[in-house]
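Engineer: Those protein sequence lines, which keep their order, are chains A and B. Under numbering that gives the first Met the number 0, think of the first position of the first sequence as 0, with each following residue one higher. Under numbering that gives the first Met the number 0, think of the first position of the second sequence as 0, with each following residue one higher.
There's no promise every hint is true.
In the SDA-like style, the derived pairs of lysine to any residue whose C-alpha atoms are separated by at most 25 Å in a straight line are [to be verified]:
id : chain 1 : residue 1 : chain 2 : residue 2
1  : A       : LYS140    : B       : GLY53
2  : A       : LYS140    : B       : THR337
3  : A       : LYS140    : B       : TYR371
Taking beta-carbon pairs under 8 Å as the criterion, some of the chain A residues facing chain B (in silico) [stated by the list, open to error]:
id : residue
4  : GLU12
5  : THR16
6  : ARG20
7  : GLU22
8  : VAL26
9  : GLN52
10 : THR56
11 : THR74
12 : ARG81
13 : ARG125
14 : ILE127
15 : LEU138
16 : PHE151
Just so you know, these hints were derived from the structure itself, not from any lab. Glycine included, each C-beta is placed from N, C-alpha and C at the ideal position.
Next come the chains, spelled out residue by residue.
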Amino acid sequence: MRPEELAQRIRAELPETILARGEVVAVVAREALVPTLERLRADPETAFDLLSQVTATDWPGREPRFWLSYDLYSTRHRHRLRVKVGLPEADPRAPSVAGIYPTADWHEREVYDLFGVVFDGHPDLRRILLPEGWEGHPLRKTEEIGGVRTRFHGTWVPPVDRRGG
Amino acid sequence: MSEREGVSAVRQETMIVNMGPQHPSTHGVLRLLLELDGETVLACRPVVGYLHTGIEKNTEYRTWQQGVTFVTRADYLSPFFNELAYTLAVERLLGIEAPPRAQVLRVLFCELNRIASHLVWLATSGMELGAVSVMLYGFREREVILDIFEMATGLRMNHAYLRIGGVVMDLPPGAEEKIRDFCAMLPGRIAEYERLLSRNPIWLERNVGVGVLSAEDAIALGVTGPTLRAAGVPKDVRRDEPYSGYETYEFEVVTREAADCYARYEIRLEEMRQSLRIVEQCLERLREPGPVMVEDPKVAWPARLEVGPDGIGNSPAYVRHIMEESMEALIHHFKMVTEGVHVPAGEVYQPVESPRGELGMYVVSDGEHRPYRVRIRDPSFVNLQAVPKMVEGGLVADVIAVIASVDPVMGGVDR
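The task is simple: from the sequences and hints, build the whole structure.
Structural biologist: What follows is the structure in structure tokens.
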């Protein structure tokens, strides 16, 4: 389906659907996320069988603070859709979609690791890129670059900007 | 304890083995936790992150143009593809397109890069499965491509040759001839690899029927690239969602049905031939001269660049111009280099077909002169997740063949 047709088709179900730069983007409530993706995957007209990625952005000072985005692709129709879910700062949780798209497993672990978003029902929610004992979630805008002390050969090395000399 | 009881007690115990992170066959620093029953793999859990360098976070602290030099370092065997996905994403946010000649040059370098990447895959896979001569041959041919890259961009890897609005500079004199020589040389070499491997009993024993991943499983796990095409799914971003004019090139999307390691081997060899076809079409199109960077001074990099002994740098003539002749040029240069281009607020997801599958850049701008968020959807990261599905129930030696057939690059996985 061409993006214009797809946007129209999706808008009938999800009113908050826009078409921007040739991409169709739909915003859904987090309670509706799992049933929406299940429907989009099962419906032969949309047939979104491949989840390209799950990722997040952080907008401190705004509400919702976190936005999750799910980039869907259909190998049958060769069209794309991005589903977005806003999460409040006080409760950054979302249902896991690993039950629908097994590939979401690692993507969700990465979002948990780097943004601190918790995915309910995830089969194995652990950090993936950072060490298990790491504190904080570095892709949050509130975390500075190079602003953490690191443990090296048994001693703590201060952050780059506080090493002196 | 009788001898019989002792045997059964041993049989009930499984062994946990760490493969990696420093194992020659793990392509860098991949660690696999394997649960073994004798030679049989019961469970496999990949552990990644040893090469995490915070590329995505770093881009948020640099100008849009500097972003190119960061993303090129993610998957270090396909630098041009990282640059292409990023620049295309930023160009879509800006609402601009690179000039035709720049687009041809981008396709040309990407396809040469695909061949170079597949050659490294062939070389390392050969080495891992005991065919050391193939390793030597693969690296020998790749070196010719790296020489071409070095000639054109000043560097063998991490070129930062593709820039927002075009490419850094046109091909230097002599480069086209070098590429033509390479195109004439490679088909014979590919035939040589086939003579060495395609009917080699050891190669067949190690690859045929090993690491089977069905189309259904591959799609559910998000697997793309040669691994998906080996299962008969003709998904190729160049064909399905064309960019940089790929819809105007003649090439075939290669597929196989067997879905095993051997099918992936066949696909990569054939893809090298298809890439050569595209390279030859690019050379034809390069007869047409033209600019390689957009005209808009608010986007184009102000400096004239040249390849020097240590990579790309400002040409001495340009430095003289801004330092001695024109105050306005100096001010403009200073403004563009320190502040850079302003990109309208918005977000895009730009996929390209890298040697390992769908490489996507999700780029978000809040209207400032730095990216708000860059997420690299690296195909190795996603494809690696499918390894347990391919190795569980098989032999431990097959783990090596499977990892090789997936061709993960940890720089891309960990970013």
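Engineer: Honestly, which of those hints from before does the structure not fit?
Structural biologist: 4, 5, 8, 13, 16
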